[in-house]
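Engineer: Add chains B, C, D, E and F with the ligands to chain A, keeping to what the hints say.
Protein chains in written order, with the working numbering: chain A, 1 to 468; chain B, 1 to 468; chain C, 1 to 468; chain D, 1 to 112; chain E, 1 to 112; chain F, 1 to 112.
None of these hints come from the bench; they were simulated from the model. Take these hints with a grain of salt, some might be off.
[Said to hold, decoys possible] Label pairs and their calculated CB-CB ranges:
1) 245/C / 86/F: 18 to 28 Å
2) 367/A / 368/C: 54 to 64 Å
3) 367/A / 452/C: 35 to 45 Å
4) 446/C / 86/F: 54 to 64 Å
5) 67/D / 108/F: 25 to 35 Å
6) 75/E / 364/C: 39 to 49 Å
7) 253/A / 72/F: 24 to 34 Å
8) 84/F / 452/C: 42 to 52 Å
9) 368/C / 246/B: 42 to 52 Å
10) 105/E / 246/C: 41 to 51 Å
11) 252/A / 246/B: 29 to 39 Å
[Said to hold, decoys possible] Derived DSS-like pairs (lysine-lysine); straight-line CA-CA distance at most 25 Å:
12) 79/A / 79/B
13) 317/B / 79/A
14) 34/E / 79/B
15) 246/B / 79/B
A quick note: this is a predicted structure, and the numbers were derived from the prediction, not measured. Using N, Cα and C, we set each Cβ at its ideal position, and we do this for glycine too.
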Amino acid sequence: MIKPRNFWGLGVLLFALVLALPAFADDAAPAVAAAAAAVPAGPPKLDSGDTAWMLTSTALVLMMTIPGLALFYAGMVRKKNVLATMMQSFAICCIVTLVWTVAGYSIAFTPGNAYMGDFSRILLNGIAGHIEKGNDTIAFVLASGIKDVADMTTTIPETVYMMFQMTFAIITPALIAGAFADRMKFSALCIFITLWSLIVYAPIAHWVWAPSGWANQMGVLDFAGGTVVHINAGIAGLMCALVLGKRVGYGSDNMAPYNLSYAVIGASLLWVGWFGFNAGSAVAANGRAGMAMTVTQIATAAAALGWMFAEWITKGKPSVLGAISGAVAGLVAITPASGYVLPGGSIVIGVAAGIICFWSATSLKHMLGYDDSLDAFGVHGIGGIVGALLTGVFAYGPLSATDASPDGSPGGLAQLKLQAIGVVSTLVYSGVMTLILLMITKALVGLRVGQEEEREGLDIVLHGEQIF
Amino acid sequence: MIKPRNFWGLGVLLFALVLALPAFADDAAPAVAAAAAAVPAGPPKLDSGDTAWMLTSTALVLMMTIPGLALFYAGMVRKKNVLATMMQSFAICCIVTLVWTVAGYSIAFTPGNAYMGDFSRILLNGIAGHIEKGNDTIAFVLASGIKDVADMTTTIPETVYMMFQMTFAIITPALIAGAFADRMKFSALCIFITLWSLIVYAPIAHWVWAPSGWANQMGVLDFAGGTVVHINAGIAGLMCALVLGKRVGYGSDNMAPYNLSYAVIGASLLWVGWFGFNAGSAVAANGRAGMAMTVTQIATAAAALGWMFAEWITKGKPSVLGAISGAVAGLVAITPASGYVLPGGSIVIGVAAGIICFWSATSLKHMLGYDDSLDAFGVHGIGGIVGALLTGVFAYGPLSATDASPDGSPGGLAQLKLQAIGVVSTLVYSGVMTLILLMITKALVGLRVGQEEEREGLDIVLHGEQIF
Amino acid sequence: MIKPRNFWGLGVLLFALVLALPAFADDAAPAVAAAAAAVPAGPPKLDSGDTAWMLTSTALVLMMTIPGLALFYAGMVRKKNVLATMMQSFAICCIVTLVWTVAGYSIAFTPGNAYMGDFSRILLNGIAGHIEKGNDTIAFVLASGIKDVADMTTTIPETVYMMFQMTFAIITPALIAGAFADRMKFSALCIFITLWSLIVYAPIAHWVWAPSGWANQMGVLDFAGGTVVHINAGIAGLMCALVLGKRVGYGSDNMAPYNLSYAVIGASLLWVGWFGFNAGSAVAANGRAGMAMTVTQIATAAAALGWMFAEWITKGKPSVLGAISGAVAGLVAITPASGYVLPGGSIVIGVAAGIICFWSATSLKHMLGYDDSLDAFGVHGIGGIVGALLTGVFAYGPLSATDASPDGSPGGLAQLKLQAIGVVSTLVYSGVMTLILLMITKALVGLRVGQEEEREGLDIVLHGEQIF
Amino acid sequence: MKLIMAIIKPFKLDDVREALTPLGVQGLTVSEVKGFGRQKGQTEIYRGAEYHVSFLPKIKIEVVVPADLADQVIEAISKSAHTGKIGDGKIFVIDIERAMRIRTGEVDGEAL
Amino acid sequence: MKLIMAIIKPFKLDDVREALTPLGVQGLTVSEVKGFGRQKGQTEIYRGAEYHVSFLPKIKIEVVVPADLADQVIEAISKSAHTGKIGDGKIFVIDIERAMRIRTGEVDGEAL
Amino acid sequence: MKLIMAIIKPFKLDDVREALTPLGVQGLTVSEVKGFGRQKGQTEIYRGAEYHVSFLPKIKIEVVVPADLADQVIEAISKSAHTGKIGDGKIFVIDIERAMRIRTGEVDGEAL
Ligand SMILES: Nc1ncnc2c1ncn2[C@@H]1O[C@H](COP(=O)(O)OP(=O)(O)O)[C@@H](O)[C@H]1O
Ligand SMILES: Nc1ncnc2c1ncn2[C@@H]1O[C@H](COP(=O)(O)OP(=O)(O)O)[C@@H](O)[C@H]1O
Ligand SMILES: Nc1ncnc2c1ncn2[C@@H]1O[C@H](COP(=O)(O)OP(=O)(O)O)[C@@H](O)[C@H]1O
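Bound-form chain A, shown alone (with noise of 0.2 Å):
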């Protein structure tokens, strides 16, 4: 049993460590402090194609959470908890849309420090600020609120880049439910989620993408969230499944899937919608959205044959949960990747996913002997873990290159030096955090239902309603 009162250390620690880590790779950061030069002039304009993909890709990643990954995880869950596992990706939606409203963007998004924004944007105040007519005209701008870092400047409304990063915040705590899927309490649920969205989430977006954050100011690549949305929800789920403990009857209980068609749907659904994620993360409808498109595709592909070969190979037969976790294994490895890589390099990332999180899902598990009931760490953790590193291998200048930085970011030993640092920190803030917030919930209301009503099921016991 790991006691509570250890982590409160732990958690002070931590943040001294990210504090020191912008030391590491001071040589990375004028580059992009370089990148100031360039000022727009004039307030910057929307442009209707670039927003109304950024609508478009809105809906597409809201999607995979509901009801992609609804779907997905319902989809590998026994009978008796169907219900549930869908109430959990509908739950998160819809708690993470009030907390990201009231201070999550705040934190994420607006200049602050290096490490968390500030909350001039609480209750989304002033988001309507220049509305005038009706049709607002001006573009937002991503503020960096330091002097010689330049400002990141949209063509798109706030409103709309707020509500892009908003499906982002929605999904990745979403992720880490496959992990305590079966088992975990509903107000457990509530309350641990409201925490991680603000104490974990928010500050990490900020480190990566605030043109403020530090990770970001010192390079670390992460197009659309290796690190801030899969690592830090794999790691999570570990820590989920290792605080929570295992399922009852796990290794001796069938837990055969009840409908592996859901999960089916959910991963296509997942793959549809992550050309959302990923090529929305260009924040424009451009030839590197449609780079991002392409390398989603074939490292997708790559990785679900991947994973089916392997299972083919050592198995005996290629199964159908082997294929689907396949793809989103690739899904999670190229999404770090995806507005830096080439074709190529996307092929690479595929199938390296594809082989690592099979290895991971089926093997690692069992000799490490945890029940992360869904694999939240091993396809996403791992996959996004593999995916951030490779990144630093295949990216290809011109793709991130700009008026003030000609050379983009290549891949080489440095950047891969900078995505490892980006990826550690990941990793343990996100797991450190989860732990403790693990234990303040479990203060409050208990984690865990009782034995008898994990055996009845989650979906009559917590929601009094069952499927036939």
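Structural biologist: For chains B, C, D, E and F with the ligands alone, kept in the frame of chain A given last:
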């Protein structure tokens, strides 16, 4: 038993009432009339970004009905009626497509008079008028046809406008089906929906959205269809529930939903598709669309949590059906408000809709004793009324401001009065007309399947199929 | 038993035939050649709105295969084959993605000659060529590579064009799977599809859509894939059904679909996704896209009602499977016509497709006695032929008019003749080549699972999984 | 003890259960079954393939009662499951030699 | 009367039903069951978790017939359900004390 | 021979099967059933409509064994299915007159 002949008199009465309504609010008209001053020079141009968003929105709104609503409704019925329930949405989609093509669009969106359009677009006559060299570059102007009343100039082709509106014309009658699920004859449905679409939907759409429509001129605000779609479908559903009577076994048999996971998928797709519904109602990819999407998301989450906690507190458990019903209630309520309110207002609208619809679907219905099988009235009717009225309270002027009307339409008592007029007229016109059309249908083919057939289930009886 | 060796001769014969075809319709060529006169000045520019729509369309068309087609097909098989059927669509999606990346795209869309492209885009070589400063602003030109034949200049990046076309390359072989559902080996599927995609699909796409393709030059009209996708998949399916033979128990066992509600979801997603398929084939967000979407909607609804009423009259009940099958038939038939016809023509095409496909799937098939499990030929083959021919009747000139060809391609006898050439060449080439590839696959791994395995079901036998 | 096995129409289940309670029947077991009999089913047609549905959904109730209660139970079931329409179902009686309650190990009469 | 209870392979159901009709059997009841026996199932693997499927899908037929018909019915079932492969199933015979048709109240022989 | 029919809690199925193997039981048949008894279910509420779930999921095991094995089998089942909580289920014993293995035509003891 309601006697058919009484309805004819009511219908006439009603027309008179509607003719009289504009007189109640004459003071609101000038602002709109003044808008006519802004005349664009030369034929208006297409904008590819706006067109891209509207093409996308059309796809999203179609997805709301098939498979969204089909699943939402099918997930709430018993096994023996699952296919028939999906068929209702699907067949309505097909029927209304043709009805709209033949006459509905013309009745709704040509100038005509204040009560209905004319017949200049029968069979879409002339819609290909200015096509030349494949790529039509002239944007559609929704003409008022009235001196001193402004036309509405869009930046998209007429075909796209017509299609976008068609998807609204499709979902509205499909919503009604929730009220008569489990017992209506399929032949009756085909006839009733055809008539209803032409005689109820198209005129109301004209009142509210055509520049020449009386409600539009008066200043009734309905951004995306609180009155036209939801109150309209809700009250029509109530009439259907009253005329058809209760399901066999209502109150004694177990009518628990067969597979609520379908309903979760359906509600999720409704949510995602609603971005097209509300943000698409900006008819452009601009700041107003972004704000409409934002408030849609927030109100929906707030309403889902509102219903969920209300149920948790009063019944002891937060049900999945409750959470998704709340989400739909929130989507309904924010619909009329979406292009007019800011995030703050949207939270209030959401919470109000969630709690009030919880009460109407779980208590009011049982108190009044009608059997609205899937709560078409309880959720869409009541939710629509909540939203339409609160739009009059929370509307933020600058969102709807134009050169001609620099203050826009801010909320306040005057606006609330206008909103109430919109609500009441819709309730009365739709309610009465629906009754009349039900009587006609009953006279032609009868409304309800036999008791034995109802017991056996509509799937096998009406369609000769079943799920296993 | 068909003997493999006969096919080689047929293949050679076929090539000769195809080489000869252009001679039949030389008169049609000049109009197209004349189009070459319009040369754009300077490198063509990206348009963000068009790019937004094409990114969206790509997502929509991917959604058609996964989960759309996967569900449509899985909903029509017996319980024991549900997962295997979904796996067919999913695996084909993955395999074709890589095949297209490696060589398919190059064979289809580089200049080459009239019969196939060249190898300049092998492994997408050079597709990142003009990327500079991240945001590539140069739009893609689909080069004809032939003097006096016009290039096709788009307003989107090449990656997006390539991806959009990839989704077509994916769905086509996935459609074939309907014919061999319930009995093909998974290893055979992997091999057959790889070969088919390269040797059948890519060349036919080149003929019809590459500016240098013989059918394109001759003036065969196929807006979105009536020949390339549907007739092609349909005839290939028929060959598969003939070569594999009937399912065990065909005609005696009850083969009623396990869960038609999946098929309804699938058909609905196909419908929604088809907006990307057809309106996306305008490669821009413009008036032609709007008209393509309009006629798609109308023809689909008309076909669904056509099949439904035909069945209602002849069999006594309107089945859900009938309505959705009709909708798919309508979608298929309007595909080649979508950018060429007006609403009036689309109603005729829809009704014709609905009734004729009803007849082919319910009567013709049983008369001829082959077992095309899910009617790949009866719906896609026949529907595609109906649509391709009627395109030649109803094409409205101004929709395809350009500066160089101010009359466009109006329907008429001349065009009908061209369409027939397109249909016949596709039938012959695809039919014969499919037979050859089936023989090769059979020689390598065998085509069909054993009789006992077929009885037990593909889910457990091929993939080691089942639904409960 | 007797095992009363009744095949009834599905929607009659609640009525039957309610009719048994007053007799002191404290437990019973039901299964979803398909019945073939005089009652004719519908025809299903899927794209021209016709299947006659000769098996109709029924509910099988199995209830073990002391021998002296059997008559009353049969009577109660036959009344509460009766509609008078074809397909109402059957009641069969089988002898039970022993019974045991797993929780307590009680046997025979005590176990019911 | 005798209750003939047969466990058979699912795809043999129609054959068995057709074999019984000529004998004058006018009704029977079937259930979907899972059988455990000598016939071995497949192994399912879900992300490394292996489950051996020891329960295979079977169909249970229950048909009550007059005692003198029992032999013929057993014979007919065993022939029509026979494939000769492992897992073909079993036939059990149980004595039925009483039978009643709910619709009419007819009993015993009349009720079948 | 005796037919041992046991109604047990679903999650106990594997335990029971494992308990029977050592006794030489080579086959058995299970069905998913719903049980009504002293154990009370949950209440389901769907938009204000309350349904008390009086039928709880149970597994019915049917195993035919030689008469002399019956005691041991009953003992094994009652031990392995026991949790001590309400709803553990029942075991009933019925006499079987004949048995036949369809594959081979073997009868009675041989057929099991
Ligand atoms: N001989 C029989 N053995 C077992 N079950 C029977 C028998 N005859 C009828 N049944 C069951 O009883 C149900 C009703 O019988 P049916 O002949 O349709 O009508 P009725 O009950 O009015 O005589 C059947 O569906 C079947 O499940
Ligand atoms: N002793 C038994 N009691 C009840 N059912 C049995 C028994 N033995 C076998 N069965 C049923 O018969 C089916 C077939 O038995 P199995 O041993 O696999 O093959 P075979 O029928 O060829 O002997 C089993 O799946 C099970 O349902
Ligand atoms: N008289 C009976 N006849 C048939 N089945 C019974 C009978 N009594 C109980 N059962 C079955 O046994 C199950 C358990 O019974 P219950 O009264 O809930 O608890 P317990 O087994 O602890 O006595 C019931 O759900 C039902 O399936």
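Engineer: Note whether the CB distance of residue 253/A and residue 72/F lies within 24 to 34 Å or breaks it.
Structural biologist: holds (26 Å)
Engineer: Going straight from one Cα to the other, do residue 317/B and residue 79/A come out at no more than 25 Å?
Structural biologist: Holds - the C-alpha atoms of residue 79/A and residue 317/B are around 20 Å apart, at most 25 Å.
Engineer: Below or equal to 25 Å on CA atoms is what counts here, so check residue 246/B against residue 79/B.
Structural biologist: The given pair, whose Cα atoms are some 18 Å apart, holds under the 25 Å limit.
Engineer: Quick check: does the Cβ-Cβ distance between residue 245/C and residue 86/F fall within 18 to 28 Å?
Structural biologist: violated (57 Å)
Engineer: Is the gap between the beta carbons of residue 368/C and residue 246/B within 42 to 52 Å?
Structural biologist: holds (50 Å)
Engineer: Cβ-Cβ distance between residue 67/D and residue 108/F: within 25 to 35 Å?
Structural biologist: holds (28 Å)
Engineer: The hint says 29 to 39 Å between residue 252/A and residue 246/B; measuring C-beta to C-beta, is that right?
Structural biologist: With Cβ atoms ~48 Å apart, the hint is violated.
Engineer: Holds or violated: are the alpha carbons of residue 79/A and residue 79/B at most 25 Å from each other?
Structural biologist: Within the cut-off at roughly 17 Å; holds.
Engineer: If you check the beta carbons of residue 446/C and residue 86/F, does the distance land in 54 to 64 Å?
Structural biologist: holds (56 Å)
Engineer: Confirm or reject the claim that residue 84/F and residue 452/C have a C-beta distance inside 42 to 52 Å.
Structural biologist: holds (45 Å)
Engineer: Residue 105/E and residue 246/C, beta-carbon distance inside 41 to 51 Å?
Structural biologist: holds (49 Å)
Engineer: Is the gap between the beta carbons of residue 367/A and residue 368/C within 54 to 64 Å?
Structural biologist: holds (57 Å)
Checked against the numbered hints above, the structure violates hints 1 and 11; every other hint is satisfied.
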